[in-house]
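Q: Residues per chain, in single letters:
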Amino acid sequence: MKLFTTIFLSFFAFSVGSQNNEVLYGFAGLPQTISLNPGAETSFKFHVSIPFLSGVSSGFGISGFQVSDFFSDNNIAFNNKISMLSLSKRDHMTFNSKIEILNGGFRLNDRTYLSIGFYNEVDMIGYVPRDMAILATDGNASHLNKSFSFSHISFKADLLGVLHAGITRKIDEKLTVGASVKIYSSSLNAQSINNYGSFTTVSGENNLYVNYFNNVNVDLETSGVTRSEDASDGAFGILADTFLSGNLGLGLDVGFTYHLSNQIEVTGSLLDVGFIHYSKNIKNYKVKGSFVFEGINLRFNEADPIDYWAELDEAFNEQLPITDNTTSYTAWRPAKIYSSLKYSFGEQRSRLCYDDTFKNYFANAMGVQVFTIFRPLSSQVALTAFYERAFAKKFHMKITYTLDDYSLYNIGAGLSAQIGPVNFYTTVGNITEYTNLENVNSISFQAGVNLIFN
Amino acid sequence: MKKFSLYLFAIFLSSCVQNLDLDQVNDFSLEPILNVPLVYFTITPSQFFDANGANPQNSFSDVTNFSIFEGGFVRNNLVQIDFNVGAKNLFDRAITITIEFLNASDQITYQLAPILVQSGDLNYIFQEVVMISDNPRMLDTSKLKVIVELESTGNSLESNDLSEFEFKSSITAHLENK
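Chains as they are written, first to last, in my numbering: chain A, 1 to 454; chain B, 1 to 178.
Don't read these hints as lab results, they were simulated from the structure.
Every clue listed holds true.
Only pairs whose alpha carbons sit at most 35 Å apart, straight line, appear in this in silico DSBU-like list of lysine-lysine: (1) B:K145 / B:K178; (2) A:K89 / A:K286; (3) A:K146 / A:K89; (4) B:K178 / A:K89; (5) A:K359 / A:K170; (6) A:K283 / B:K178; (7) A:K146 / B:K145; (8) B:K178 / A:K146; (9) A:K359 / A:K174; (10) A:K146 / B:K143; (11) A:K342 / A:K359; (12) B:K143 / A:K286; (13) A:K286 / A:K146; (14) A:K170 / A:K393; (15) A:K283 / A:K146; (16) B:K178 / A:K286; (17) A:K146 / B:K88; (18) A:K342 / A:K174; (19) B:K143 / A:K288; (20) A:K146 / A:K288; (21) A:K288 / B:K145; (22) B:K145 / B:K88; (23) B:K178 / A:K288; (24) B:K88 / B:K143; (25) A:K286 / A:K98; (26) A:K394 / A:K359.
Coverage of chain B stretches by chain A, computed from C-beta distances (three or more under 8 Å per stretch; other residues unrestricted): (27) 23-36; (28) 40-48; (29) 60-68.
Covered stretches of chain A, going by a simulated chain B footprint (3 or more residues, C-beta under 8 Å): (30) 129-137; (31) 199-206; (32) 287-297.
Ideal Cβ placement from N, Cα and C applies to all residues, glycine included.
Construct all of the structure, not just a fragment, from the sequences and the given hints.
A: Written as structure tokens, this is what we have:
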């Protein structure tokens, strides 16, 4: 009960996370490593999850600023703190949280392991709309000739359920490969990406100033945000749609493990290569066009008065219309790539495998991992160095040091322990910053309980 | 494992945020200052005559709807508005521009000081600052009336004279949203 309470308290306390699971990747042959690399090697006969507890992962990331930049008690006016930040359009906030509802697998034969599962995921990224923020806080008066770019508006948010079924196949003693098919069911989506165009104010020829809306194209696509009358009401309805009754999509994970020698291993995986077709409860908005406003040109035709404002309104709506529609759309999932090079060394031990044979392994391992996720404006890359140690056959620890967009000194730690068939694992990213949250750029947390049978 | 769990839980419990004052968010305000072009026109002496070049008149006017104060955000957050004018007068006499702000019933809600542009002034600049707190009726404005008036010099105006009078204007709106 204490464990249960701890995990759930932790989940709600840290219900935010980045997508990189640098500690969990390749860690201790856990069942969850298959979800990060379908070609990961495992040594058990079958595993089953404890519903809702087999995997909880959360974390967040912020680049470009920290909470303390805004809220430090340092007698600087709040507005001044904002204006002092030098943010770029690449700075962003991410939020990711996953909870495994079901996860299980069994060994079909000596070479083949099948797995299946279902998890819910919330994934969000929002880039700093720097130019729009400047326009909203400063206005255009002190920024004549500056082009405020609408491309800075870029965000994606998704709530979805993922049903996955995979196969891991040992090709020979050196190579193991795997693949997993995913069916996505999204109940909520909102995205505004690939926007362009600008707003500029310049000194005019005919009038003092001219406002230019130049080649503007701003889209907001939503699904599930505005729900139809026949849709299930409230949070339950939204959650229910993640169970294969929402907007459906298809995805694929692939991966491999290859032993260059007895001590050196290379792994790689490509995850979430897929899409979701959104067709339910759609409400999209679009602003597209160009408009030049240089004021109202009075003609002083008293005999035939002109309705200038109506002319202006008509021209604006014609040249820069704001439209809405319910057209379905397709969005790609954020694909991810993991790769690692691992060197094992030290004391050699052996463990019982699924086929009642003993497999030798080294007590220590160290190596590097590279993680890449493809996001709307650019891909994000993280480089991790790690050290892993097996204190006993079923007691493993992993320490990581990660360089990424958020931090240059992110230290993570993970622990996996198994008592009988009950396996408990937990990993924490950026562990040294947990007592210094006001200055943290990212934190992540994962935990789970599995039943593993050899 | 138990110890590790307790250690993790201890970290979570000890996770703290020091020296932060979250109430500062209440001090956040949007204070944009926006430059927006207003009315502009160019007139020639012929416009003071009828279509036949006869019946000279001393003044004429035009009215346009002016709905920027009807929007909730502007109406609720406008604290100051600056009226900026630039003019060039090539006429052989002074011209006075009067700008009246009218409500829906054509009653004056605010009137700018007369803008007197002397003959030959090629770089006339005028600015008037209106504080909304002192002139709340300004927010009821829905029309803008511009009156052009010639100085009476005793000499008649030539309808075929090609001299021009140019008028440009803008508003600088100071908004404050807390």
